[in-house]
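Undergrad: So you can see what is in the structure, the chains are spelled out below.
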Amino acid sequence: VILDWENLKRHLSKVEKPARYIGGEINSVHKKPEKVSVRFALAFPDVYEVGASHLGSQILYYVLNSREDTWCERVFAPWPDMESLLREKNWPLYTLESYTPLNDFDIVGFSLQYELTYTNVLNMLDMGRIPLHSASRGNESPLVIAGGPCAMSAEPLADFLDALVLGDGEEAVGDVVEVYKRWRASREPRIELLKRLSQIPSVYVPSLYHVSYDPSGTVSSVTPKELDGFKPPRFVERRVLDSIEKAPVPLNPVIPLIPPIHDRAMIEIFRGCTQGCRFCQSGILYRPVRERSRAEVERLVQETIERTGFDEVSLVSLSSADYSQIEEVLSDLINSPVCTKVSLPSLRIDSFSVKLADMLGQSRSGLTLAPEAGSQRMRDVINKRVTEDQIMEAVTRAYESGYSHIKLYFMIGLPGETYDDVEAIGDLAKKIRKVGRDMRKRPTVVVSVSGFVPKAHTPFQWESSDSPLELRRKQDYLKSILKGPGLEFRYHEAHMTKLEAVFARGDRRLSEALLLAFKKGCRFDSWPDMFRKDVWDEVFSTLKIDPDFYSSRLRELDELFPWDHLHSGVRKSFLLDELKKSREAAVTLDCRGARCTLCGVCPDLGVSPKTFKETDKS
Amino acid sequence: VKVRVIYTKGDRVRFLGHLDVYRVLRMALKRAKWPVAMSQGFSPKPKLSLYAPLPVGTAGFNEVMDVELSEQVSIDCIFQSFEKEIPSGFQLVSIFEVPDKKDSLEPKITGSLYDVDLGVIDIGALRTALSTFCQETSVILSIHRPKKERVLDLRPLVVEAEAVSEDPEDNQRPERKGGMLSPTVLRLLIAHHNGRTIRPAWVLEALSKFGFECDPREAIIDRRKILFDNSRDTSSKEGIPEKTSQEARA
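Residue numbers (the numbering used here), protein chains in the order written: chain A, 1 to 618; chain B, 619 to 868.
Next comes chain B alone, as it looks inside the complex:
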C-alpha cells in the first residue's frame, strides 16, 4: 500500500534542510509505529519519498511525502498516530491512498508557487525591475557553490512574477511609482523542468541587474504549493494553469 502525506513545513522549521526533514519525518513515522515497508539489502531503509526538495530557510505549505506500507491500515488511524508524533512546526494536512504503487510524483511536478515576503521595500522599483526581467528572453546568473560555479538561465523557469503590497490601499493605486515603501510580497510561479528548478532567492539576486536591490537572505520564502501535471496524474488533486505547463515545456 502506498499513501501520500500532505504536510506543512512551517515557519519555525523552515531552517531545516531537505535531509533534516527526511530524518525527522522518518523518526516520527517510527514513533507513530507506521508499518513502513523496508528496502531489501544489507542496510534496509524505510520506503519513503519526499519530492521537490526545499532549501534551508524556505517553508512549504503543501509538501508531499509518499510512504510505502507493508500492510493495509486505516487512514484515520495513521493520521492520528502521525499527528501526535510530527515535530512542532510541521503540520499534517491530509493522507490518502495512492492506488498505483509505482506512481512516482517527481516526473509530474511542473511548478512551485512561492510567496516571497520582502518586508517593507520600494514596491515601485520592484515592479519596474520585474517588468524588465519579464521582457528579457534570457537572464543569466552564476551561482557560487562551494565546489564549482554554476551558470544558468533563470528566465525560462520564471513563469509568473507579481509584486503584491500587503497594504490594501497601495494596491488600489498601482500607477504610483517610485519612493513608495510598502510591505511587499513577491508571488513567483517557478517551473520545474525535467526535475530541475531554480530558487526564488536566485531570482531576487538577478533582479539587482534591473535596478532592484535587496538582501535575498532577508527574504522570507514560503512555497504555497507544488503544481502537478494533471494529464499524467490520476491521484493528485492539484491542477496547473494551461499556459504554465506550456511555458514550462518550452
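Chain A on its own, in the form it takes in the complex:
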C-alpha cells in the first residue's frame, strides 16, 4: 500500500494529535517539483508542536523557499505511536508539504537545538530510509547536513552527518545549495561534494578530519585529511551576519493548525548577548550583539500581526530587557491599535525589567526571574551580575504592581558549589515570600531547579558536573527546606541531566553509543516519560564507554577538546581567563557600555556590536 493521503487518513485516527502529520498549514509553501532543481527537507528532531515554534527553522524555510530553484519542505520527529504506524505499514517518514519520503530529497537539513534530540536524528534518517552513516551514502542518497547551536560541538553525530553549518545559517545555507547544484552538474563522486562543501566558510565536514586519542582517552589531535593534494581547512570558523538587518524576517511564517508550544508571533529584536554568564553557551555562540532598529522592530511587529492573525507577539532575544530602546518600543506597541498583547521572554532581574513587565500587564500570569544561583558568591562565580538587593528591589516592585506569583529559576551542581550555596536558594525563595507576605499579597513562589551542564565553548567547559547521586542529594536537601505554604519546588530528572552532560562535551566515539541506543529504542530522550535510563546504562556498559569520563571529569587546563577546531570567534584564552576569574569569584562586565572584554569575536570575525544607544541602562 503506497503512502498517500487516501491511505494515510484511514489510519491517522489511531495516533495522538494526528494534525501533527497532515501539513496544509497557512503559509506552507507548495511548488511544482519539476520547476525546482533542489528539493530540501528541513528536519526538526522533536515533536511538531515544539519544532513549529522554532524561529530559526521558520527563517530558513523562508530563506530557502525565496530561492526559485529550491523547494524547502518540513518534517518533524514522529511520536512513537506514529512511528509504529509508519513502520507497521512500511511507510517511510515523509515531509508535510508533498508527502515525499526523506530519501527522495537532495538535501536533508537537521536543526540541532538540544543534545537529547540526537537519537531522534538517527530515527528520522532511518525512517526516511537514508543510510545512517555518512560513509555508507552514495550519490543517490541525500546530502545530510545540520545546523543550530549544537552544531558547534556535535562530534557524537560526526559519523552520521555529511556536513555542519556553524553559526548564522541565513546566508550559509544558500552557499550549500549552490555548491550542491554545481557538484551534481559535474557528476563527480560524492567525496568531491564533501570536499567542495568544506571549502565554504563555516561549513564543517567531519569525515574530512582525523581524530586521534591519548592513552588517557582525551583527544590528542584533530587533523584535516589530505586527499590527493586537497586539504580541508585546519579550523572552521562560525558564520556571523555583520548586521541583523541582513537576517530575512519571515513575515508570513507557517501558522500551525494546532497550537504550537509558543502560540504567538515572534520578532527577533536582537541577536547575541554579552552579559557574560559563564555557564551560558548561547552567550558565546551568538556574539556580538546586533540590534534591529526601533523603527524596524515596530514595523515588523505591525506587519506580522496583521498578516498572521496572532493576538500576541513575542519580542525575542537572549535577554530582551537589554534591548537599548526597549521602553520606547513597548510604549509605542501598547499604544498602537494593532497589537493586543506583547510578551518578553528572558527578562533580567531588576526593577527596570519589572517595570517593563508591568507595562505589558503581565501581572496576572506571574513573573519569572532567573537568579540562577542562591548565594552572592555563587552568582559571582557564574558572573550573573545581580545582587540580592537588586533581586529584593525587583520583587518588591513586582508585589507592589500586583504580582503574587513569582517563579524562580536556579541551577544546582555549579562549579565549586557547597551546601551553603544550595541552602541559599531556599533562603532566597523564603525571603521573597516574606516580602510578599509583609505586603499582604498571599504570595506563591515556585522554585524551579535544573542541574548544571558544562557546555562546550563556554568558560565552564573545563569543569565537572555533579553525579546524579549528588544532584539528587541536593534536590532532596532543597525539598526539605522548601516546605510550607506558598512554596513550590520543581526539579529535573538527574539522569537526564547527566546524559545531556555526556553528549554536550562528547567526542566521536559516542557515535556508537547513539547508534546502539537508537537500535534499542531510545527516542525523545528529553521527554521525562520517554527517557530510558536502563537502556542507556546498558548501552554504555555494552560498549565499555564510561559516561563519567565525559560528564564529570574535571579537564586539564591544556586539554585539547573535541570541538577546538571549530571556532566560535571567542578565544580559548579568554574562556580560560574567565574560568580563572570564576574560581576567584571575580566578575566581568558586559562590553555594552563598559570596556571591551577582549573576547576576540569582533577582531577575529571582522564584526562589531551594534546597538542604538551609547550608555548601558542597567
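These are calculated hints, taken from the structure and not from any lab test. Careful, some of the hints might be misleading.
[Claimed, not checked] Subject to a maximum C-alpha distance of 30 Å in a straight line, what follows is the list of computed DSBU-like cross-link-like pairs (lysine-lysine):
| id | chain 1 | residue 1 | chain 2 | residue 2 |
| --- | --- | --- | --- | --- |
| 1 | B | K665 | A | K17 |
| 2 | B | K702 | A | K31 |
| 3 | A | K533 | A | K479 |
| 4 | B | K648 | A | K341 |
| 5 | A | K533 | B | K765 |
| 6 | B | K720 | A | K17 |
| 7 | A | K479 | A | K430 |
Once you have looked at the hints, place chain B on chain A.
TA: Frame of chain A, contents of chain B only:
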C-alpha cells in the same frame, strides 16, 4: 450585527479538534479584518460561536459559526475577505445575517446526518447487525475516557441507520447476504438531545455485539449536515423530518 457562516471542515482538516478549528477560524477572521465584536472584561474574547463540536477525525460539510460584528458590513465584502484567509481544507459555503442577535442555535439542533465510509467490508453482516441493533430498545456502551468511564445508552439517539454500497450493482440485489465484500457507507442520523449526542464511532463499536466487527478508527466519518428544529428557528434554511424530531424527543 450577527452573521451566520456556513462552512466545510474538509477532508485534510478533519484531524483538527474543536478547539483547533475555533483557533484557526478566529485567526482567519482577524487576518480578514472582520470587525468582530469583543467581549467585555480584562481579557476580551472575540464573540464567535461554533456549534455541535466535531471530534478529531470527523469532517463536516455544513458546519455553522455565528459571529457578532461591531458594525454593519456588506456580506459580499466579508465573504470575499474571509474566503481569501480561510485555511486550505476549509471552505466557505455561505454567509447570511441573523436578524435576532440573541438567537442561539445550540438548543435548536436536533440531529446530525453522518456518512461513515467503512471501506470494503461484508455489507451483509453490517445490515444484519444494524437490523438487530434497531430492534433493541437499549444498547449500552461504556466509553473509556482518560479520567473516568462513561456508560451510556446509544439506542435512543440513533434515529436512522442504513448501509449503502457504493457499487451500484450491489444495491440492486439487496437480498444477497453474507460474504459479499462491497465498498460501504453507513448513513447515520444521530439525534442531539438537550445538547447531548453520541459519536458514530461509538455506534460502530457497539455493532460488534451484533456480529459486525470493524476498527472504528479506520472509518472515514463525515457529517453531511446539522439538522435544526424549524418550528423554533426562523433563520435556518434546514429542516428536519417529522419523525426524527419526535423520536429525538422521546
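Undergrad: The structure should be examined with respect to each hint, and the outcome stated for every one.
TA: Quick rundown of the hints versus the structure:
1. K665(B) <-> K17(A): holds (27 Å)
2. K702(B) <-> K31(A): Answer holds: K702(B) to K31(A) is near 19 Å, not above 30 Å.
3. K533(A) <-> K479(A): holds (23 Å)
4. K648(B) <-> K341(A): holds (14 Å)
5. K533(A) <-> K765(B): holds (29 Å)
6. K720(B) <-> K17(A): With Cα atoms ~35 Å apart, K720(B) and K17(A) exceed 30 Å; violated.
7. K479(A) <-> K430(A): holds (13 Å)
Of the numbered hints given earlier, the model fails hint 6 alone.
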